[in-house]
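Take the sequences, apply the hints, and build the full model.
The sequence shown maps to residues 1 to 303 in my numbering.
Source of the hints: derived by calculation from the structure; they are not laboratory data. Glycine included, each C-beta is placed from N, C-alpha and C at the ideal position. Not one of these hints is a red herring.
Restraint-style ranges between C-beta atoms, simulated for each label pair: (1) D206 / P56: 47 to 57 Å; (2) R229 / D134: 33 to 43 Å; (3) A15 / K240: 47 to 57 Å.
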Amino acid sequence: MIDDQPPAAPDAFEANRRYLGSVAYRLLGSFTDAEDVLQDAWLRWQAADRSTVADPRAFLTTVVTRLCYDQLGSARARREAYYGEWLPEPAVSYADGPDTPADLAERGESVSLALLAVLEQLSPAERAAFVLHDVFAVGFEEIGASLDRSADAARQLASRARRRVKDGSRRGGGTGTAEHRQAVEAFAAASSRGDILALMEVLDPDVVWHSDGGGIVRAGVRPIHGADRVSRMVAGLVAKWFTPDTAIGHALVNGEPGLVWYDRAGGTVGGVLAFTVTDGRITEAYVVVNPEKLGRISPVTAP
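Written as C-alpha cells, this is what we have:
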C-alpha cells in the first residue's frame, strides 16, 4: 500500500537552527558559547507547551536572546581576566560567491571581526538590541519582549548602541570588497617576503595590530600601534616562525577578505587574520592564534 501522506514538517527548532546559531554567535562572539546556548534552548523548546506558541521563530529568538543575555555578564568577567587581548572567535569561509536571500535570512547581515570586537564595549542589553535590530531586522516589540523592556526602551538601547558602535569604529571600514582584497593581498605578499618597506606601503601610519593567543600561544598582550612597529614585528615573526611548510591562504573572515596561515605538512591552522581597510590601507589588523578558537577551521586547499 502506497503511503500518500505528505512528509512531516521539520521541527521548528531544527528548521531555525542555523538562524538561531547566527544570533547566538553574534551576541556572544564565540561558537562554543553559542552551541551551549542552542543546546539549552533546544531543551526549553522540548519542554514548552507548543499549543501556546503562535510564532515558533519569534519564541525561539526570545529564548536564545535571554540565554545569551544571561551569559554576557559572566562572559565579560571572564574576558576581563583573560590573558592579553580577547578577540571574538573568527568565522572562516572559502566561498567567494554572493549570499543568497536564504543565506541572508539565516545569517543576518555580515558582522566583521572588527565590529564584533567593538560590540564587546556595549552593555548586554545594548548589544542584544543592536544585533537583533540592525543585523537581523527584528522588530522592537519583539526585542522588548526578549529583554523585558518596552518597545520604546528597546529602540533607545539600539540607538545608543549604534552611536557607541559608530564612535568605536571611526578608524575606518566601509571600503569596497575589491579594494579591501587588494590591500590584504599586498599585505600577504609583503609578509611572505618579510619586506618591511612593502608592508609600510600597505599599512596606515596609525595602524593598530590586535592579537589573541589566550596565554597558550605567544602573542602581544596589548595592541601594537604604528606602521613602523607593526611592519617590523610582522617581518620578525615571519623570519622566526615561518618554515617552508607554512602557507598563507586567502579566505573570507566574518564575510570580509582575510588570511589563514597553516602548516602544509600537518594541516594545522596556526592563525587567522582579519583587517579593517580605509583608502587602500590597513588601519586595523585582528590576529587570532589561540588554538582553542581555531579548532573548527580547516586549511584552505590552495595557498
